[in-house]
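Just so you know, the sequences run in chain order H and C.
Using the working numbering, the letters of the first sequence correspond one by one to residues 1229 to 1704.
Using the working numbering, the letters of the second sequence correspond one by one to residues 99 to 504.
There could be a bad hint or two in this list.
[What the hints assert, rightly or not] Once the Cα atoms are required to be at most 20 Å apart in a straight line, the calculated SDA-like pairs of lysine to any residue come out as:
#, chain 1, residue 1, chain 2, residue 2
1, H, 1287, H, 1248
2, H, 1385, C, 498
3, C, 436, H, 1361
4, H, 1297, H, 1276
5, C, 495, H, 1454
[What the hints assert, rightly or not] Per the computed footprint, the stretches of chain H lying under chain C, defined by three or more beta-carbons under 8 Å from a beta-carbon of chain C, are:
#, segment
6, 1392 to 1400
7, 1426 to 1433
8, 1465 to 1474
9, 1511 to 1522
10, 1552 to 1559
In case anyone wonders, no lab produced these hints; they're calculated from the structure.
Positions of the beta carbon are idealized from the N, C-alpha and C atoms, including for glycine.
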Amino acid sequence: MSEKRKGKAGIKELSPIDVYKLLPKTNCKECGEDNCMAFATKIVNREVSVDQCPPLLKKENEKAYNQLKEMLKPPVKEVVVGEGEKAVKLGGKLVMYRHEFTYFNPTAIAIDVTDEMPEEELLSRIKQTEQFSYEYIGYTLKLDMIAVRSTSGEPEKFKATVKKVVENTNIPLILCTLNPNMAEAGLMAAPKARALLYAATMDNWKDMAELALMYNCPLVVSAPNDLSMLASLVKTLIAYGVQDLVLDPGTFPNEGLTDTLNNFTMLRRAACKAGEELVGFPLMGVPMAAWLDKGEAADEVVKWREAYLAAMLIVRFADVLVMHGADGWSLLPNVVLRQNIYTDPRKPVAVEPGLKTIGAPDENSPVFFTTNFALTYYTVASDIENSKINAYLIVVDTEGMSVDSGVAGRKLTAEKVADAIKDADIESKVKHRKMIIPGKASRISGEIEELSGWKVQVGPRDSSEIPKYIIDKWQS
Amino acid sequence: MADKKKNNEDRGINFSPDLLDLLAKFQEIELEDFELEVGTLELWLQSGALPRHLMPQLKVAPALKGKPKELMKAQFVPPVETYPGKIVEVKLGATKGEGGTRGRSIVIGGETSPAFYTFERPILHPPVVTLDVFDMKIPLSKAVKMHVKEVIDDPAAWAKLAVEKFGADMVTVHLISVDPLLKDATPKDAVKTVEEVMQAVDVPLVIGGCGDPVKDADVFAEIAEVFAGERFLINSITQDMDVERCAKFVKNNGHVALSFTPMDLNLQRELNRRLYDFLGKEDIIMDLTTAALGYGLDYAFTNMERARLAGLMGDVELAHPMSSGTTNAWAAREAWLKMSSEWEPRELRGPLWEVTTALTLLLAGVDLFMMMHPAAVKTLKEVIGQLVSGKKADGSKFVDWVSLKS
Chain H
1229 MSEKRKGKAG IKELSPIDVY KLLPKTNCKE CGEDNCMAFA TKIVNREVSV
1279 DQCPPLLKKE NEKAYNQLKE MLKPPVKEVV VGEGEKAVKL GGKLVMYRHE
1329 FTYFNPTAIA IDVTDEMPEE ELLSRIKQTE QFSYEYIGYT LKLDMIAVRS
1379 TSGEPEKFKA TVKKVVENTN IPLILCTLNP NMAEAGLMAA PKARALLYAA
1429 TMDNWKDMAE LALMYNCPLV VSAPNDLSML ASLVKTLIAY GVQDLVLDPG
1479 TFPNEGLTDT LNNFTMLRRA ACKAGEELVG FPLMGVPMAA WLDKGEAADE
1529 VVKWREAYLA AMLIVRFADV LVMHGADGWS LLPNVVLRQN IYTDPRKPVA
1579 VEPGLKTIGA PDENSPVFFT TNFALTYYTV ASDIENSKIN AYLIVVDTEG
1629 MSVDSGVAGR KLTAEKVADA IKDADIESKV KHRKMIIPGK ASRISGEIEE
1679 LSGWKVQVGP RDSSEIPKYI IDKWQS
Chain C
99 MADKKKNNED RGINFSPDLL DLLAKFQEIE LEDFELEVGT LELWLQSGAL
149 PRHLMPQLKV APALKGKPKE LMKAQFVPPV ETYPGKIVEV KLGATKGEGG
199 TRGRSIVIGG ETSPAFYTFE RPILHPPVVT LDVFDMKIPL SKAVKMHVKE
249 VIDDPAAWAK LAVEKFGADM VTVHLISVDP LLKDATPKDA VKTVEEVMQA
299 VDVPLVIGGC GDPVKDADVF AEIAEVFAGE RFLINSITQD MDVERCAKFV
349 KNNGHVALSF TPMDLNLQRE LNRRLYDFLG KEDIIMDLTT AALGYGLDYA
399 FTNMERARLA GLMGDVELAH PMSSGTTNAW AAREAWLKMS SEWEPRELRG
449 PLWEVTTALT LLLAGVDLFM MMHPAAVKTL KEVIGQLVSG KKADGSKFVD
499 WVSLKS
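Chain C on its own, in the form it takes in the complex:
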């Protein structure tokens, strides 16, 4: 890649800041182990649903005598629908005026149509991207490590890089070190890490735990209190946690809960209902679990698409903005593995794997993407920008593809 880039420069082609700048850094991807967040995937079976079909078309077009000589006009009427439901709007982060310290707050959700059906209604709030930052060294794909090796021991510097260089809308601080099986850092230590990141960047934050349901609750409780009013997204509240306790400290300190379930709409409804006892609907974002392209993306996609359509059709328990742990894309071996030459370079294949996973879920209705690779982030943000731009296609040049000299 470096050579390629050099060649391009030699030819005077300037594509900076380009994907290749980012991709060029991928010299030696190797997998160390990556955790697959999906424990088990369950198939959502439609109970009692029967296929739908067209009835016999009784109306037969009258047989024309002879072939038409002129174009027969037909009008295409855009099939616009309205929906009884609306996805709730959730605000993340709080500015000084709003009781926090962030430079800006971000609102997601508010959809009244399926994802990007802009022929029905324009996009109210474009989906946003939050980049992962870790508070200690964890087994990280070298693909990503290449881009962050200078800041890997410094969450604050890492966050700054994510925002200033990689264009992250938000930053996720993963507090892995609090894991009792790892460093067993205290809630106070975690607060210190978050404080450093807060000083370094002024975007809204997502606070991630270590996965231990008891320890995470303790850590989140401390952080929620110390940073009351900042409207952090607490990532995440799961069924095996003390849901009442968590919901209360989220509510009392003005934060937002990420309600996380393992790919099952009924479990998601159930957890949301438990949260409703303490939290407003506008305080909840849901994560239905993201599986990688090739490793269950079809389940994730359909689950999210169903949830979004259900929400629009009036199922209030699913009418929440959706978050996706798109980083899980790297759990697929095709994303990182050195393969035979016809599939190389993996420096391109890997981030494209993350992009493909992200775009598939973008079209299912995801509002918040938790991501890893800067090139994938850049592409997703570009696509979202194009989709909300309201710009029209120029139809006149399209057919030139037929005679395009290659």
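For reference, chain H alone in the conformation it holds in the complex:
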């Protein structure tokens, strides 16, 4: 389901045929696909880039290459910040709603530092940002950027701070100052870092544009709560020759929340649904603005506000966020939320099949099986873990399907379970031959017994009942 599309001719659905027509049609397999049609399908699904077709990169195919690039251009431009392997891509969104396709380039999260921080604090904050890491269903969740703010008003101080930052980290920077002299001082300390420059406004756009061109860096355009001014600035800066822009419509906590959400939503809709190129750029949110309204609130309360503001902006289209509160408790929900929102809704999330041990199981411990659908697996694994029993858990490859859909769709069959039992070599690990199966797989229990030679015990339909089940029903 999507909203109706209107306006400009030129917005349509792209089919693999459209792409295929422009490919060399040599079926040379150099891209790793069997033929050009298969490659075209992957291009349309954004699983590969046209640059992976070597013949297309040859001079004689330049026209087709450019046409393809133009055809595949996302309505929200992709802007690269930073250099090297830690460079982050902002934007590059193809759709407004994730169910329409998928979201690319997860919202980058920047932590701020200032040019008045004592060196020790500065370095520890950089380190903390770099080392932030949380393991979650096979992903490592990280922070992405450092925003260096000029609070001193002294160019030399800002320059020295930026220098100190780039000496200590290669994660991408946002240089924050509205004063072009200050900006220049900062850029001089990191001339090749491709930092994101914050910000061009109605007052300073000409100087900021010059700096962006001189240092080849992307530029944030800021027009708080004034979208026509924002569009005017973009129009002007594009004419000036600055191509890589990021839009900042302002982030307003508390009573400004309505305008905040409306601005982000209107900008993204105008770009994705109406093909409005002037606003087809990544969006910057500044949850840190919660600190402007601090009043007499305790720090924890402001961090709390900042955190939920960030969450709302992750859901509502922000491509980059600047945060001041850098506590684990306030960042963790947001990095997990970001991971959730940016998973590909076209693909079930799967974990590696095979044998997992929970606690320290021995030869009398119970043996369970579950599917490799990530949510099923993690739910079951955590329920067994919480029950504080030691157990073996065999993860059957159901191509990422849950138990009941797996049974219904023949992805979870007695054959697969029997094979998994064999592959796990579980018979050498336990003395008994009793398998606890998910309640929702009871239909295939007889077949499993027949094929595997194991005795089947049908477990609960919901894994939350496993602890109780073990107490009541398990005997090795």
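With the hints as your guide, set chain C onto chain H.
Just chain C now, with coordinates in the frame of chain H:
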């Protein structure tokens, strides 16, 4: 936290009634077991949908000679749309004049735009929060227990606390004790519990069952009759229940059905269609299943967002207000687990987990939140209040964040 609070007080900072008052009570969160309502999560795959793109932009902006010297004006036109569909309005609770005994009734739904697209249309009915009250001791997170330990054996007192102290718009009475595997309390016992809660508070009620499809139907039938005209939300009617029987006692006694399905829009449409044989559209709220942040929230979010957009686009079978069992947020271990020091204190992390889950679903279009933690409830209600306030942002101070002394 207690020390922190004390320090703040020492400095003369007054933040009461503040989050910290609520959070300070979290001293020893430990998980006992929490039931994850989501049995299995199924991915909604778009069949045959192809990506959409911009066609080549043939119109190339004319190359300008030289750099612009003045700002080039552009007008941003708000991309306002209209939708063929409208979400039905559903009234919960009934006042004396309306045939019940409640102090007020609450209407939810009625949307004609996606959630909080207030640049298109103002909010007709703000989303509301109902707090969970249980009729017997169940394995409850200590996080919540801290706040309710004094009333945990008294559903009526618990309901009163939820309304008067925690600001609940409604109360959900979970009749767990009727479970044949637990106390197997009778429908008459359940009626007595509900009667006590009715005496204690005058907000509209949600009546929750134990999850046994047969017993719940018996209990709901009795309660529906005894409290005819009160417009309770019967939580819930599921596919494995006797849908016809349930729909009839809901209809005949003037209540509202919560149509609950496991995260599948087609199943939701199907169950709603079965209910339409007996109930009016204005008698149905739907629950598409809420998964916790980190434990499938993406599925819940997208499912709800799709359902809401579909409803607005004219799919009447999905044009119902949505309810969310946001309490499920606590099924995520990150909400309650004692973690290494860099992720602490969990006293803050836990309720923030519930808030994050709630706000994500608020933006998908949820109208009714079933919640647990008082601090999460307080924050959600504040945000909703801000979003419906119609107040404008002051753009002039925003850029001060750049030079803010920290």
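Exercise for review: Give me the numbers of the hints this structure contradicts, sorted from smallest to largest.
Suggested key: The structure breaks only hint 6.
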